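Per this note's numbering: the sequence shown = residues 67 to 181.
Hint data in this document are derived by calculation from the structure and do not stem from the laboratory. Certain hints may be false.
Claimed, not checked - Label-pair ranges, simulated between beta-carbon atoms: (1) C99 - D168: 48 to 56 Å; (2) D153 - H97: 28 to 36 Å; (3) G88 - L143: 39 to 47 Å; (4) K170 - D142: 26 to 34 Å; (5) S86 - D153: 30 to 38 Å; (6) S120 - H97: 17 to 25 Å; (7) Q172 - H97: 40 to 48 Å; (8) D165 - G98: 42 to 50 Å; (9) L93 - E70: 35 to 43 Å; (10) T166 - H97: 21 to 29 Å.
These figures come from a predicted structure and were not determined experimentally. Virtual Cβ for every residue (Gly too), placed ideally from N, Cα, C.
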Amino acid sequence: MLDEEHEPSYKQDSSPRYESRGLAAFLAQQHGCPYVLGSATPSIETFAAAQTGSLTMLELKQRARAVNLPTIEIEDLSRLYREKKVDIIGPQLAEAMQDTLDRKLQSILFLNRRA
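Using the sequences and the hints given, assemble the complete structure.
Pasting the structure below:
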């Protein structure tokens with residue numbers, strides 16, 4: 067069980083280098099046992115692996131308190147970057163943020179500085 071698998075502390079760039087998600091998967095395979103990656107906010111890699119069927123995602127359909135779960139959308143910018151049609155954020159995110167601002171609401175954007 068790797069709880070809060072999205073945490074950057076599970077990765078070390080200095081020697082000895084390691085990445086705990088990959089290590090957990092390797093050890094589980096070597097010992098013939100399942101492994102669990104727990105997170106309320108899974109990493110992009112884990113979320114994408116679940117979307118493609120490489121991993122099985124078990125979701126909480128409701129929260130402990132009666133708060134709606136957010137909608138998650140992934141915008142693939144690889145083609146737009148190659149065609150030089152996008153700089154920092156994609157058109158889908160830009161439109162959603164502008165819509166939020168037009169309604170006099172707030173947006174927050176988390177930027178992964180490691181990537």
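Now the hints, each set against the structure:
At roughly 51 Å, the beta-carbon separation of C99 and D168 lies within the given 48 to 56 Å, and the hint holds. The given range of 28 to 36 Å is broken by D153 and H97, whose C-beta atoms sit roughly 46 Å from each other. At about 24 Å, the beta-carbon gap between G88 and L143 misses the expected band of 39 to 47 Å. At roughly 30 Å, the beta-carbon separation of K170 and D142 lies within the given 26 to 34 Å, and the hint holds.
For S86 and D153, the Cβ-Cβ distance of about 33 Å falls inside the hinted range of 30 to 38 Å, so the restraint holds. In this structure the hint that S120 and H97 lie 17 to 25 Å apart at CB holds, the actual value being about 19 Å. The beta-carbon spacing between Q172 and H97, approximately 47 Å, falls within the hinted interval of 40 to 48 Å. Restraint check, D165 to G98: a C-beta distance of roughly 49 Å satisfies the suggested window 42 to 50 Å.
For the pair L93 and E70, the beta carbons lie near 18 Å from each other, so the given range of 35 to 43 Å is not met. For the pair T166 and H97, the beta carbons lie near 47 Å from each other, so the given range of 21 to 29 Å is not met.
In summary, the structure is inconsistent with hints 2, 3, 9 and 10 from the numbered list given earlier, while agreeing with the others.
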